[in-house]
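Given chain A, work out where chain R should sit, using these hints.
Chains A and R, in that order, are what the protein sequence lines are. Counting from 1, one number per residue, gives the positions in the first sequence under our numbering. Counting from 1, one number per residue, gives the positions in the second sequence under our numbering.
Incorrect hints may have been included.
Any copy will do: because identical chains look the same in the list, a pair fits if it lies in one copy or spans two.
Stated by the list, open to error - Straight-line Cα separation of at most 16 Å, EDC-like style, residue types lysine to aspartate or glutamate; simulated pairs:
hint, residue 1, residue 2
1, Lys464, Asp412
2, Lys104, Glu144
3, Lys104, Glu5
4, Lys104, Asp143
5, Lys368, Asp412
6, Lys104, Glu415
7, Lys368, Glu12
8, Lys243, Asp194
9, Lys464, Glu415
Hints in this document: simulated from the structure, not taken from any laboratory.
Number of protein chains: 2
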Amino acid sequence: MTLYENLANQLEESIRSGALQPGARLPSVRRISSSRGVSPATVFQAYYLLEARGLVRARARAGYFVAAENGEVPQPQTASASGENSVELDVADRVFTLLDSVMKRNIVPFGSPIPSPALFPLPRLGKSMAAAARTLSPWATVDEMSPGKQVLRRLIAARYAVDGITVRVDEIVITNGALEALNLALASVTRPGDAVVVESPTFYGALQAIQRLGLRAVEVSTHPHDGLDLAALGQAIARHQPKACWLMPTFQNPLGCTMPEDRKRELVALLALHRVPLIEDDVYGELYFGPRRPLPAKAFDREGLVLHCSSYSKTLAPGYRIGWTAAGLHADAVKRLKLSTTLATSAPSQLGLARYLAGGGYDRHLRKLREQLAHQYAGAAHAVARHFPAGTQATRPDGGYMFWIVLPEGTDAVELHRRALAQHVSVAPGPMFSASGQFGNCIRINFGHPLDARAERALEQLGKLAAQLVPG
Amino acid sequence: MTLYENLANQLEESIRSGALQPGARLPSVRRISSSRGVSPATVFQAYYLLEARGLVRARARAGYFVAAENGEVPQPQTASASGENSVELDVADRVFTLLDSVMKRNIVPFGSPIPSPALFPLPRLGKSMAAAARTLSPWATVDEMSPGKQVLRRLIAARYAVDGITVRVDEIVITNGALEALNLALASVTRPGDAVVVESPTFYGALQAIQRLGLRAVEVSTHPHDGLDLAALGQAIARHQPKACWLMPTFQNPLGCTMPEDRKRELVALLALHRVPLIEDDVYGELYFGPRRPLPAKAFDREGLVLHCSSYSKTLAPGYRIGWTAAGLHADAVKRLKLSTTLATSAPSQLGLARYLAGGGYDRHLRKLREQLAHQYAGAAHAVARHFPAGTQATRPDGGYMFWIVLPEGTDAVELHRRALAQHVSVAPGPMFSASGQFGNCIRINFGHPLDARAERALEQLGKLAAQLVPG
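Chain A extracted, bound-state conformation (with noise of 0.2 Å):
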């Protein structure tokens, strides 16, 4: 036996004993390579061998990972034919039913759209937000309305900056969220009749907010693995002529993918090209699986045409409604537009944050955040394996807490919802994720909540409802 082969069987019986968990990331080429005292030749050698024997799979940038043990569902490869039209919009209905749906806690919330909140650090968060309620100066709650208290503005262009990206301190909008950030930016960079860019499928809210400002929705076909088509949209903009693209390049929700770096600096190239402002949700970024934060479409914008727009919502501080743009160009509009809606931020929130994230902490809260979603990806991924019927698809994303799952041709979406959530189950029918209807055999899945016995059976029962709903 080779020392390659050695090493493989050594790794496999750690596998195939529990030792390692499906879904744990194996320890780096160079630490096996240091530790075993062989080449790393040797270690990518009986990596690969491992591979090949189905027990883990590499992901991009992030290292090898343990296989779901009865195997993964394949990939979708294919991505969405792209609307050729411009739509007018009505989801207003199929998202709110399902939203007072998923809100409920005996449902098990695998169609919600947040994680769960018991990931994240509310008593020492709660500690600082008493402390800074408690010193709250008078002035300071009517100080900086909009843009948003300097304090926390500083400290979200210096995590920028750690991130090499060139984020100005005055270009940073404070918000309600992200939801209003992105609000904020579409109405500030269109008027009633624009066209406007959107992935397909697309996050509702974006659906939402097109619908609301009077705007018209072109969906470009973004495919589940490599994000937006680039080509369909050099298209969709000599076409439409859109005024804004809202696109979320980095743990698309709802396909769980990521836009290679590469081909982000391409899609701002293309829209800089044509002066067509990128409005960029980012708002999973932090929430990566791999070992570094994918670079957002920012980090390759040199003229002020994306506005980023983020929160601490889905990474550390749910319920306190603190998000952000770093909206470029457009922060005056933004900052004016704040101002005349919802004037400003809560004060004891931002001040509360702020003085938590100076503390010290966040990172290693994200480190076990990351972890903790990656093993709960893991698990579901496996029990779709498990229980789902043959022909389904799913994605594989590197982050957030999203994926997306293509059932067999023709099963019906809507009518798997409907039927789940009878048996206190919710999912997110695919539908509610495009303009046009599509998607009528997709789900979205939301592995942000711990996989307890409960999370099992829910995914068990799923499987099964979708089985009889296969047609034929």
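Only chain R this time, still in chain A's reference frame:
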């Protein structure tokens, strides 16, 4: 000398000696009657005599007050002409320029829209907030996103009930301050192109919202004493078929005037007849100088057509950004619009405020605040009487912290604003409050800040600058 002359002379002596200061409220008729052992009729006669001597003045429902020593400037008696046309707007720039200037701390803030943040019980509120933040449960961060925390909505409904106003808990939606409530209310009942009735002069926030939503403003003249001209409103309804009225019937911003309750009742009946929703801005309603809260129009609404909007920003908790609307028939629409624009209001802010309110002390704080504002008003009115040019008129608010000064015909209020700002004093010039740029000789004065020596001097400066601008 009769009994009442004797009593009047004693009181006059107290006033002349300074024992009773300008702006102070005289003891109630009942109290004097019992303490002096004279009949109530005698006390009334004494007060009438003092009024005739120009030493005291009566305020509706509020009792008698010591007049400013040099007399007072007369009240303006005529309303502006009603705009017969609806108007497209461009108010943004002049408003934002003003807001930028008044938020600077080195400026004497007579043009500011907010009262002094030093008037609020921030340390006690901070303790409630601290306790709420430390005990915030994970699910409380994401529960009841919209319409907002039930514990807070119940407290708000209970307060309406105490004031004799019937409001259901489930028609209340918590918002990021009253400004969001008003904006959501307007967007919920209109579509682009609709006409909306506003007062003339009106709060500029209404004009900004109308402009942003692509609506048309119909200005209806508003009397400096009695409020909106109901006959003119009837004509405006017939001519323009407005889809909403946005009004401030109590302590109107900028006039400071209040519609008598019987006229509010008429207003609601007129709007009900034509099924026109009323967006009622009542943010100063708790800041009355008289013996009780003036009833809002909402109190007379039997059909759910009044969307009553208020907040804690002006009465208790500036910077916390907690407001609400009791939106009647339109509550669901408002709730949904909130969900898709800013999602929710800061959970710790809501729960901190609820904890403060439940703990008692709000009423005691409000009594102190009202007295302080009444006192500051008397001081400011006195200084205006002393320092402003002959021919100046001023409204006499019974609450809130704004009054309206009409300078002699032809005096340029915008130029006054500019020259004052150069001397580090702000005023809000009249044209800010008009879609059609009326009120060129008017200014709004904020008396919500303690009238210290610097502020006194600033009013003297303002009077001198105004005198220089009175034409020939």
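We went through each hint and held it up to the structure:
| no. | hint | result |
| --- | --- | --- |
| 1 | Lys464 with Asp412 | within (13 Å within a copy, 77 Å between copies) |
| 2 | Lys104 with Glu144 | between (37 Å within a copy, 10 Å between copies) |
| 3 | Lys104 with Glu5 | neither (51 Å within a copy, 72 Å between copies) |
| 4 | Lys104 with Asp143 | between (38 Å within a copy, 9 Å between copies) |
| 5 | Lys368 with Asp412 | neither (37 Å within a copy, 63 Å between copies) |
| 6 | Lys104 with Glu415 | neither (20 Å within a copy, 58 Å between copies) |
| 7 | Lys368 with Glu12 | neither (26 Å within a copy, 75 Å between copies) |
| 8 | Lys243 with Asp194 | within (6 Å within a copy, 25 Å between copies) |
| 9 | Lys464 with Glu415 | within (13 Å within a copy, 75 Å between copies) |
When each numbered hint is compared with the structure, violations occur for hints 3, 5, 6 and 7.
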